[in-house]
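Enquirer: Chain by chain, the residues run as shown.
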Amino acid sequence: MAKDDTMDLARVNERAFGWSQGLSRLTLIRAALLLLIAAFALTTPGFLSVPSLTALLTNLSFVGCISIGMTFITLSGNVMSFALGATAAVAAVVFVNVLNLAGYPAAVLAALFSGALITAVQGALIGGVRANPIIVSIAANVLIYGCAEWLTNNETVHIAAPMLALPLQGKLAGLPVEFIVFLAATIVAQFVLSLTIFGRNLFYIGSGLPAAEAVGLPTIRTATTAYFWAGLFSSVAGILLASRFVQANMEFALHYDYDAIAAVLVGGTAIQGGSGSALRTFIGVVAISVIQVLLLLYGLREEWRLFITGLIVLVVIVLYSNRQRN
Amino acid sequence: MLNVRHLSVTFGRVQALRDVSLSLEQGEVRAVCGENGAGKSTLMKTLIGVVKPQGGLIEIDGKPCSISGPQAAQGIGIALVAQELSLAPHLSVLDNIWLGNRTVGLFHRKREYRVRANAALEQLNADFDLDRPVSNLTIGQRQIVEIARLLVREARILILDEPTATLSDVEIERAMAALRRLKAAGKSVLYVTHRLGEVFDICDSVTVLRNGEDVGSALVSQIDRQQLIEMMLGRSFREMYPEAPVLPASQQGLKVQGLNVPGAVQELSFSVPRGRITCIAGQVGAGAGMVTRALAGLVPNATGQVVLDGKELPLGSVRARMKRNVTFVSEDRAGEGIFRRPVLENLVAARIGEHSTAGMLSWPRLLRRAGELCAEVKVDVRRLKANAFDLSGGNQQKLLFARALGGTEPGVLLVNEPCRGVDVGARAEIYRLLREFCRMGYALLVVSSDLEEVAGISDRVITLFRGSYVACYEHGEIDIARILADITHPIGARAA
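In order, the protein sequence lines correspond to chains A and B.
Numbering-wise (this note's numbering), the first sequence opens with residue -18 and increments by one.
Numbering-wise (this note's numbering), the second sequence opens with residue 2 and increments by one.
In case anyone wonders, no lab produced these hints; they're calculated from the structure.
As the structure is a prediction and not an experimental result, all values here were calculated from the model.
Built from N, CA and C at the ideal position, the CB exists for glycine as well.
Please note: incorrect hints may appear among the correct ones.
Unchecked claim - Some, not all, of what chain A presents toward chain B, calculated at C-beta under 8 Å:
1. Ile178
2. Glu194
3. Ala195
So here's chain B without its partners, still in its complex pose:
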């Protein structure tokens, strides 16, 4: 149905895509994988006509066609669900489904349109009230509305750009179910994803891009995980998760008693020993992220007792927390982590006072310190002057970790979703870095909704369901199935 032949795209002197070919049959779901910057987005943009190819051919139903823009793409049935959803939150589901549809006249609330909107939702196994405002829906449900919008536009080829990046596991399962139904209905899907699990779960075939080049395509049934990772990285993949260091169990660390955040977390007690990685697992919205935010002093109405190495750490004060060398790394890097400033300034942001006298900065000292930090977290020191916003997700994450380095004693790291938006290659490095912090005696508390990651990196897992403690597992008893059961429907947890 769709045939892409020898596509190449250049921006100035930079070749963003080189000789990329792929095909898509009716009812086929094809994964497009690659590290960040591999050219996935460029490929998608070319297919919907936002980017013009310099060479190659796009054929639809065997006929070559040139796609002049998103409107033209809509005309021939290609539609893209972007990473950032484009719904109007205050309008209803019905309004959103017909928003921007060129076949609709002046009135879109007629019976006919309600029926068609319902049919589209039905196709996705969703039965939202059409008059519900979109702001009431979860991110996952919004995604379904977005796809329904494309269905009423009679899209035949759907391009999904990392649709599950921000979903919890349960929502992902629902999205997968919706995808399977689309497939059964004969729609073709190009599925851009970072999550290898999904490739094997629902895709028929996979195309891998690396450095803008077409590394190859394969049927999913004919390759395994290891091979796929090797294709993406272009090198053999040793191990994603580094060995846990054997350190004597320490009494020191963070002890949390009766943490409460109204509407999010109830009576949570746990401890985070030094030299270990403690993970809090929970679905998105279960309050796991709120736990670290509260400990970071960013939730004003949080209550509870927090003791670090035997000394109380007051809740609700970022500065008191920073004084004890407790660093928070947010899941929202762009909004709450990185400054739109040079790498240098991002590295030293939290400790600028340590490199100045009487309110005056010492740039030579700052520069030297930033250089050391670069070396420690393995960011190219030549990029010190580059704007941190232009770095890859993995490198940005490393800058945030670097802020935790320093101080007279090892501190505590509170990390939300350490690998969100980080590509596979950089992931392994982030995990190694986390272990490095363990070795230095830091106590690490990590919140993650990626269960594979939780099982891979943690020495202790605390499961959370709707803001309440379910169970705690020590090294050796950590098991993905049990964690998943705990965080989705914890049997007996309510009673206990």
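Just chain A, with the same shape it has in the complex:
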């Protein structure tokens, strides 16, 4: 009897102090915004055409794969990485070089491996010595571009036999192949997050690292694995970019990190970690990309894209912190 009382009281408190209320309000705001964007998009002349939609779905897939990778990092409680764009570029360059030397399967494996290795090392550093994740990613970003310049002189590498790029070009069942790959990446990521022990550990370390340590969860391994997946999905973006342009250079995926974190946050993954999903990120990617396309359709220049992306991140963070404070 009294037990029920205290539980009811806790519920009263929840409502009284706006926790769950704030949560649902935020969800409502997000849903309303999505509807607004959809309505806006559907009434914009030129949006609902096959070429326009194809371009949209193709382009959002590159950032999309990186956003899926970013989701792992955000969930792990390490906010974001500034080095995923660079990782994608490395993967693209590796892909093209290996493709010219050793064929398709080897190229894909090499690209995935190089990207995942780059980020996994960062993850081990962050998990192992509690290095600040943002600083580590900035350092990694600079290191990657530095090494790349030293090793490749920042030259563009071309796929020697353009036929080889074909598997990841064109359309499948009416959808751009890039989009299908992004969709598959989302499903794989969601599967890993929802159904594996690693996925659960990721949510645990993201929502309470000291608590995770106190129950003996493998915190370092989990952080490393999270970064491993982040690198892997970023590499997928790199492979897609290289296939699309039949070449690769280190300029690829520049600034994708910002779009990716915007997509993750707009999708509703918590900036402080421990709550979110790949499906949410998928929705976030689509929303952000539609906004950007609309800006272009309304004749706003490219600078606006960055401006709007930054603004969206700020708004989401402010909305979120509001909820936390109450």
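Got chain A; can you put chain B on it based on the hints?
Expert: For chain B alone, kept in the frame of chain A given last:
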């Protein structure tokens, strides 16, 4: 001086306060008691203008007034010392006392301000060096600085929200002394507390809230403990501490030899038999909490030999400890215990591997297991999907205990401050749960700075002073006065 009449507050459809009345005279200390969620915090927030009342009246000196916010409250002399202190640790005592004071111009280090700050501290019987950084002070001393800050703001009505929740007994005594001086100086105090001892110690009157309702007010001299507890719970209070089960003394259990934690614990040896509750009593900072942390594998530089049921348990490894089913329950539930995840995931956090195959989770099995655990520790199974952070302190604590259940053999529970931030009603349940673990053959090591609790629950008490062993008492020789003497100034303990 302060009169609250028929106050009511609603949030949406939820009535957080209903028809609450109380009065406060000059020089009166009034306790405000109630279980967690009874509406104490809402009442306090209403008084400093953070929450707007929908009905009722607040009168100051007989005149009704509406308090629009903390600034306005400061203007009329009402001030709140919150549970989480709001001092800037790197600034000096003087800086902190004048921080945010609206009467100060550009320079607060002038002589006049030093004199006034000193006077305020004097009033509290404290003589800190004004230039000492606050980070050098103990939590109790910081509280005094916080109160001094309110005094220089000329607060007449002080609201203290569970000021002693994080203090050791000695510090509590000092805080009480400071309160008595405030009272003598004619300040009025609203004192929110969970500790009934304090109500009878220093308060003149008490108002009890339950479910947001005003259960009643009484003069402390006219009620006893039992009545007060009944008012808070709304039911008769049978017994807080369950009977200790009579189990044969067992050789099995945890044996600790020469435990050392640099700067905290020296050469501590003791044993924790199965089926019993062994308490380590010590003041906050005496290293008692460090003992359990070290055994939990969370202190890297701890040394010593630990043997569980005849087999060595390596120090410094959480995973080795978890393998032997040794569970640690931290005093810092929010920081080190609960995940900001659903109740379900909190329950199974330590044993997720047992409910999965080849790295893949089995949600049906996890769900079933979590349901069983809920039933065992008596948490409403309908809350499995709720975020554990939204549960009451008592329910959160139960989740942490539930993590110890399972495994092939009974394990060991290392618990720091089992009832910190847990209300009276849930306390009794936590104690029953501890006994339940005894019955299952667990060995329990509990660290507590609440001596009443130590005396109430333990079968064996080890007293600690500045990280060193003082004495060990078996069932029957446990006595609060002796424990208190041991942990404050152990005569002869140093020599022995």
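Enquirer: Hint by hint, note whether the structure agrees.
Expert: Hint by hint, here is what the structure shows:
| no. | hint | verdict |
| --- | --- | --- |
| 1 | Ile178 | holds (5 Å) |
| 2 | Glu194 | holds (7 Å) |
| 3 | Ala195 | holds (5 Å) |
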